[in-house]
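Peer 1: Chains as they are written, first to last, in my numbering: chain F, 17 to 264; chain W, 490 to 761.
If you're looking for bench data, these hints aren't it; they were derived computationally from the structure. Misleading hints may appear alongside valid ones.
Said to hold, decoys possible - Under the rule of at most 20 Å between Cα atoms (straight-line distance), these lysine to aspartate or glutamate pairs were calculated in the EDC-like manner: (1) W:606 <-> F:251; (2) W:615 <-> F:116; (3) W:606 <-> F:56; (4) W:615 <-> F:240; (5) W:666 <-> F:117; (6) F:64 <-> F:196; (7) F:195 <-> F:84; (8) W:615 <-> F:117; (9) W:666 <-> F:116.
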Amino acid sequence: MARYDRAITVFSPDGHLFQVEYALEAVRKGNAAVGVRGTDIVVLGVEKKSAAKLQDSRSVRKIVNLDDHIALACAGLKADARVLINRARIECQSHRLTVEDPVTVEYITRYIAGLQQKYTQSGGVRPFGLSTLIVGFDPYSGVPSLYQTDPSGTFSAWKANATGRNSNSIREFLEKNYKETSGQETIKLAIRALLEVVESGGKNIEVAVMTKEGLRQLDEAEIDAIAAEIEAEKEAVEAAKKAPPKEK
Amino acid sequence: MKLDTSGLESAAPVWGAPSELVDGFSAAPSFEVPNTTDFDGFQKEAIQMVKPAKGTTTLAFIFKEGAMVAADSRASMGGYISSQSVKKIIEINPYMLGTMAGGAADCQFWHRNLGIKCRLHELANKRRISVTGASKLLANILYSYRGMGLSVGTMIAGWDETGPGLYYVDSEGGRLKGMRFSVGSGSPYAYGVLDNGYRYDMSVEEAAELARRAIYHATFRDGASGGVASVYYVGPNGWKKISGDDVGELHYKYYPVLPSTVEQEMVEAAAA
Numbered sequence: 017m018a019r020y021d022r023a024i025t026v027f028s029p030d031g032h033l034f035q036v037e038y039a040l041e042a043v044r045k046g047n048a049a050v051g052v053r054g055t056d057i058v059v060l061g062v063e064k065k066s067a068a069k070l071q072d073s074r075s076v077r078k079i080v081n082l083d084d085h086i087a088l089a090c091a092g093l094k095a096d097a098r099v100l101i102n103r104a105r106i107e108c109q110s111h112r113l114t115v116e117d118p119v120t121v122e123y124i125t126r127y128i129a130g131l132q133q134k135y136t137q138s139g140g141v142r143p144f145g146l147s148t149l150i151v152g153f154d155p156y157s158g159v160p161s162l163y164q165t166d167p168s169g170t171f172s173a174w175k176a177n178a179t180g181r182n183s184n185s186i187r188e189f190l191e192k193n194y195k196e197t198s199g200q201e202t203i204k205l206a207i208r209a210l211l212e213v214v215e216s217g218g219k220n221i222e223v224a225v226m227t228k229e230g231l232r233q234l235d236e237a238e239i240d241a242i243a244a245e246i247e248a249e250k251e252a253v254e255a256a257k258k259a260p261p262k263e264k
Numbered sequence: 490m491k492l493d494t495s496g497l498e499s500a501a502p503v504w505g506a507p508s509e510l511v512d513g514f515s516a517a518p519s520f521e522v523p524n525t526t527d528f529d530g531f532q533k534e535a536i537q538m539v540k541p542a543k544g545t546t547t548l549a550f551i552f553k554e555g556a557m558v559a560a561d562s563r564a565s566m567g568g569y570i571s572s573q574s575v576k577k578i579i580e581i582n583p584y585m586l587g588t589m590a591g592g593a594a595d596c597q598f599w600h601r602n603l604g605i606k607c608r609l610h611e612l613a614n615k616r617r618i619s620v621t622g623a624s625k626l627l628a629n630i631l632y633s634y635r636g637m638g639l640s641v642g643t644m645i646a647g648w649d650e651t652g653p654g655l656y657y658v659d660s661e662g663g664r665l666k667g668m669r670f671s672v673g674s675g676s677p678y679a680y681g682v683l684d685n686g687y688r689y690d691m692s693v694e695e696a697a698e699l700a701r702r703a704i705y706h707a708t709f710r711d712g713a714s715g716g717v718a719s720v721y722y723v724g725p726n727g728w729k730k731i732s733g734d735d736v737g738e739l740h741y742k743y744y745p746v747l748p749s750t751v752e753q754e755m756v757e758a759a760a761a
């Protein structure tokens with residue numbers, strides 16, 4: 017039987033929960049993650065730090081399945097992420113067992129956020145140091161969703177969002193350039209947003225795409241191809257900007 | 490990694506507080522054990538003593554237009570008819586019905602409890618619970634009280650996103666999905682009529698008449714069933730009570746007394 021120590025997360029005189037805010041700092045230092053919702057697809061992209069030469073890159077997947085129709089990416093403490101993801105995966109199956117229905121994206125997000133909140137109000141534990149981006153399709157309505165949770169335990173739905181390093185710049189970019197897209201266009205938008213803060217190339221970003229059929233990880237070659245497309249478009253825009261003065 | 494069994498958690502009294510953060514099995518529910526030489530025998534006797542004979546007839550079936558639920562209304566204590574007007578069809582919520590067979594209190598309480606859980610599910614998830622989910626919630630609760638003397642033989646009928654749904658749930662912890670069920674001491678008689686007259690594409694009126702007749706025939710032969718035959722229909726807009734007929738009157742409706750021809754009539758003998 018655990019003896020509860022005194023609480024670590026307590027209020028400061030001016031109403032802050034410092035442990036939670038420090039956890040958010042840890043998130044801000046984590047690698048960038050972006051999520052974009054389209055009409056028939058949701059895309060997750062995560063910055064990949066250059067892998068050590070001897071490391072087997074397949075063991076460091078950053079975008080994971082919670083169930084056939086739900087995926088998660090996160091920024092922050094990866095060890096905390098592993099624990100949270102395991103609990104969420106169990107809850108997905110437990111839900112299937114008790115109501116014979118897959119979870120909705122909102123349900124599992126609420127569960128994860130609830131778990132994160134519990135650890136800000138219990139004795140002897142510290143908050144989880146990660147924010148998550150959760151994407152998926154609801155089982156019967158087939159509506160795509162993107163949700164975000166953070167260490168304080170709040171969650172909300174987004175059309176597009178970013179978390180982790182430089183998330184503010186990515187979010188600004190998304191606010192300027194977001195529009196309702198579908199299929200390949202959504203993938204391009206997500207990669208463009210991520211490339212704002214990450215060095216270009218398939219080696220440095222991991223992208224996964226969730227459709228009604230399930231989760232698909234894009235391989236390096238595909239990402240490189242799309243990145244090249246984006247580069248080409250950028251150059252064309254630059255060239256067009258320089259051209260008009262001549263045409264006058 | 491310990492399994493999260495919160496969905497299966499027993500509502501029965503628990504000794505020893507489970508740890509909140511670490512998901513583990515809560516301590517097994519238990520009552521204090523009485524001081525006897527032969528506890529198993531004692532337990533068997535106790536169960537036999539409280540085991541009500543499920544004196545009733547209830548039935549439910551699914552057809553093209555939805556689900557039909559019907560029941561009698563007699564409550565008996567051995568040979569004594571304690572009531573002729575028991576409501577055996579319990580309204581869980583506007584689109585789900587439960588039937589009562591076995592212990593009346595058990596059925597009423599746990600159906601009401603199920604209604605609460607269904608409403609909480611709606612509030613938390615912004616959508617109605619499915620008949621599958623509701624029946625599973627009830628079955629899990631009943632399973633956790635298995636062996637403790639609950640007597641419930643119920644059918645959960647409702648209409649959800651996937652159409653009409655019908656499940657049979659009992660206090661042994663069993664749960665069956667099906668198209669036709671009848672529960673109670675009068676069920677063999679009801680099954681005879683129901684299985685004979687059932688077609689998937691009946692109209693609502695035909696289905697209601699089939700249900701009514703099945704209950705009537707069961708009350709005719711089974712002493713523990715009688716009173717009023719109630720018939721409910723569950724459609725896409727929820728349930729609706731179709732009829733409640735006294736089975737005595739139904740008898741004379743189905744088998745009216747024909748005035749028979751008189752062969753010989755007794756006349757008063759003229760005073761000698």
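Peer 1: If a hint holds in the structure, say so; if it does not, say that too.
Peer 2: Hints versus structure:
no., hint, result
1, W:606 <-> F:251, "59 Å, violated"
2, W:615 <-> F:116, "18 Å, holds"
3, W:606 <-> F:56, "34 Å, violated"
4, W:615 <-> F:240, "42 Å, violated"
5, W:666 <-> F:117, "15 Å, holds"
6, F:64 <-> F:196, "27 Å, violated"
7, F:195 <-> F:84, "27 Å, violated"
8, W:615 <-> F:117, "15 Å, holds"
9, W:666 <-> F:116, "12 Å, holds"
Hint check: violations occur at hints 1, 3, 4, 6 and 7; the rest are consistent with the structure.
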